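Note that the protein sequences, when read in sequence, are chains A and H. If you count the first sequence from 1, position 24 lands on 24 in the numbering used here, and the numbers rise without skipping. If you count the second sequence from 1, position 22 lands on 22 in the numbering used here, and the numbers rise without skipping.
Since the hints were made in silico from the structure, they are not lab data. Where hints are given, some of them may not hold.
[Unchecked claim] Looking from chain A toward chain H, a few residues come up when the C-beta cut is under 8 Å (computed):
| id | residue |
| --- | --- |
| 1 | 31 |
| 2 | 54 |
| 3 | 58 |
| 4 | 60 |
| 5 | 108 |
| 6 | 115 |
[To be verified] Okay, the calculated beta carbon distance ranges per label pair:
| id | chain 1 | residue 1 | chain 2 | residue 2 | range |
| --- | --- | --- | --- | --- | --- |
| 7 | H | 152 | A | 42 | 58 to 68 Å |
| 8 | H | 196 | A | 2 | 54 to 64 Å |
| 9 | H | 94 | A | 57 | 46 to 56 Å |
| 10 | H | 128 | A | 2 | 44 to 54 Å |
| 11 | A | 2 | H | 306 | 55 to 65 Å |
| 12 | H | 306 | A | 163 | 26 to 36 Å |
| 13 | H | 162 | A | 82 | 23 to 33 Å |
| 14 | A | 86 | H | 161 | 30 to 40 Å |
| 15 | A | 82 | H | 94 | 41 to 51 Å |
[Said to hold, decoys possible] Below are the DSSO-like pairs computed for lysine-lysine, each with C-alpha atoms no more than 27 Å apart in a straight line:
| id | chain 1 | residue 1 | chain 2 | residue 2 |
| --- | --- | --- | --- | --- |
| 16 | H | 245 | H | 361 |
| 17 | H | 302 | H | 337 |
| 18 | H | 154 | H | 109 |
| 19 | A | 9 | H | 434 |
| 20 | H | 406 | A | 141 |
| 21 | H | 154 | H | 337 |
| 22 | A | 141 | H | 361 |
| 23 | A | 163 | H | 112 |
| 24 | H | 212 | A | 141 |
| 25 | A | 163 | H | 245 |
| 26 | A | 170 | H | 406 |
| 27 | A | 141 | H | 109 |
| 28 | A | 141 | H | 115 |
| 29 | H | 361 | A | 163 |
| 30 | H | 355 | H | 161 |
| 31 | H | 290 | H | 359 |
| 32 | A | 16 | A | 121 |
| 33 | H | 245 | H | 359 |
| 34 | A | 163 | H | 337 |
Note that the structure is predicted; figures quoted are calculated from it, not measured. Beta carbons are placed, not taken as given, at the ideal position from N, Cα and C, and that holds for glycine.
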Amino acid sequence: MQADCELIKAVLDGEKEAFAELVSRYERPVRAIAINILGDHHSVQDAVQDAFVAGYQNLCMLRNRDSFGPWLMKIAQRCALDWANRRPKEDTLETTPAAATEKPNGQLDEESEGLLSAVVKLPEAERQVVMLRYFAEHNVKEVAEIAGRNIGTVTKQLSRAHKRLRRILKESEI
Amino acid sequence: MTAKEPIESRLEKLGRAIGSNESLVANVMSRIDSIKVDQQKFAEFKSSSLLRNFIMNRFTKFAAAAVFVVGVVFGLKVLMNDLARPAYALEQTLEACKNKQQVHFTFSKDDKLNKAAWVEYDTDGNIARVRVDMGIDSNGEPCQAIVWQGGHTKALDVPQKNLRLFDDEDYTARILHFVHRYDPRQAVEYIQKMEQKGDVKIGIEQPPDRSKPIAVTVNYEPNTFLIDSNYPPMREIMLVDQETKLVTAVEVWGPGKDFGHKENEWTLLGIYRYEGYDEPFEEELFDLEKEIGEDANIIDLKTVGAGRGLEFTELNLTDEQKAVATVRALFEALIAKDYNEAVRLWSATDEDIPKVREKLKQLEEANINVVEIVSIGEPRFPMREWMRMIVPCTVAVEINGQRVEKKVEEVFVHRWLGHPNRRTANINLDALIK
């Protein structure tokens with residue numbers, strides 16, 4: 001598993017395929033950010049694409065290549081907010097149909113939405129490892145390699161994130 | 001998804017619900033291609049005009065020649081330095097580790113993270129505090145986390161949320177032994193001593209490519225491997241960074257598959273990776289109380305269980321003698337039908353005691369009387385255990401007035417954490433009933 005910083009170096013050296021790997025790697029984390037802001041499916045796709053394209057265009061400006069993940073998340077947030085501003089106002093009156101179970105492709109039930117908004121509230125480093133671990137489905141060792149951190153650090157960050165999420169969710173129940 | 005589900009599975013479900021779009025990569029890459037074409041045109045134009053200017057300029061011609069000469073001189077210097085570089089010796093690693101204040105290492109088995117340790121030293125180089133996480137699962141959660149600091153140990157059983165507090169020199173020695181074993185500084189000193197005694201053979205391989213690590217192969221003779229003495233021949237390959245001379249990993253190899261010894265056939269048993277030197281640890285890493293939260297059970301073993309089991313005051317008794325005495329006391333209580341005493345000597349948690357009473361009641365209802373201890377065999381520790389012993393016994397029982405001798409293989413004698421002279425025992429009573 002190549003670290004993000006290695007892939008970025010390859011992209012900047014002209015290897016386009018390396019960016020495709022970054023897109024696959026961060027697709028779900030970026031989608032998660034977009035869904036949290038936009039909710040609906042179509043503009044999510046657009047925002048996700050925009051985020052990756054903007055990431056590619058600005059890649060040479062990224063100072064710390066190890067922080068690609070959090071940096072991309074910020075871009076994703078900005079792109080999603082742009083799309084949210086472009087939407088007609090009446091869209092916001094739409095009600096989300098209640099559903100008890102998970103739905104495919106970005107339509108979330110109420111509890112999932114709550115959990116997702118809790119994930120988004122995590123500190124940057126914890127959010128990145130949670131997204132890579134659970135959304136992008138990497139194991140701890142891979143997450144450590146991707147993020148350029150120690151395995152021990154990742155395990156601690158995951159464990160802290162679990163606790164923080166439980167607390168956030170508990171508080172939101174009250 | 002329900003609020004009662006573990007957070008890990010809720011996150012996994014959320015990940016699946018977020019879903020993915022198969023055409024995303026293709027769409028993004030095609031958009032990037034169109035951008036790239038423009039950039040390429042720009043870059044080609046820019047580089048061709050720059051190159052033309054560069055070649056035509058007299059000053060840049062001179063500068064290029066100067067750069068070439070400097071390059072050749074520098075290259076020769078590097079080459080001479082490399083030739084003059086002394087061969088690696090283990091002392092260089094000792095020197096590099098000498099003043100390190102923190103070391104963090106992990107152990108992975110079959111590529112899965114299994115253990116992690118954080119070790120902090122005081123200014124004299126003695127271990128000041130340690131945290132060890134054992135049985136780490138795929139989410140990075142340990143099954144048990146142990147923190148040792150200043151002679152006091154805290155052991156957190158994560159799934160049960162039990163935090164046990166105790167002071168136990170034997171336990172500490174074992175924890176610290178594990179740490180010493182893979183603390184690079186002490187490990188290197190150890191293998192050097194072993195080499196002098198002829199117990200290990202050390203081979204050093206230093207690749208000319210300085211980006212590749214130095215491999216120090218240590219072959220252990222049988223029964224010389226560090227943790228347990230009854231090991232077969234073992235092999236470790238210590239990887240050392242050529243620049244820093246710090247150990248970056250230790251591969252542990254055992255002979256053949258599942259220790260079935262075959263000459264020159266080795267199986268990789270696991271890898272210790274040194275994740276960081278001198279990277280200060282977060283204070284909360286050593287704060288298990290904070291980590292476990294408010295709903296934890298904090299069990300102070302210094303006070304819990306007082307009055308249970310046999311407390312041996314004669315300090316020169318061996319573990320075996322203590323085990324035999326405990327088993328004898330338990331069977332004698334059963335012979336005397338003193339079930340309160342039997343329960344007192346029994347190894348069980350407070351919650352399990354009613355079950356033990358129930359079993360003893362079954363024994364009585366079945367009209368089974370233990371009447372005599374026929375023999376107590378030689379106690380032994382189960383493989384790689386040191387906190388409990390198995391004691392094979394034969395006792396005579398009367399069933400409906402008939403005397404029968406019963407072999408009871410599963411009699412366990414437990415040593416208590418924090419109470420090295422306290423022993424309790426338990427018996428598989430089914431062996432008497434059936």
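Q: Taking the numbered hints from earlier one at a time, note which ones the structure violates and give those numbers from smallest to largest.
A: Those not satisfied are hints 2, 3, 4, 8, 10, 13, 14, 15, 16, 17, 19, 20, 21, 22, 25, 26, 29, 31, 32, 33, 34.
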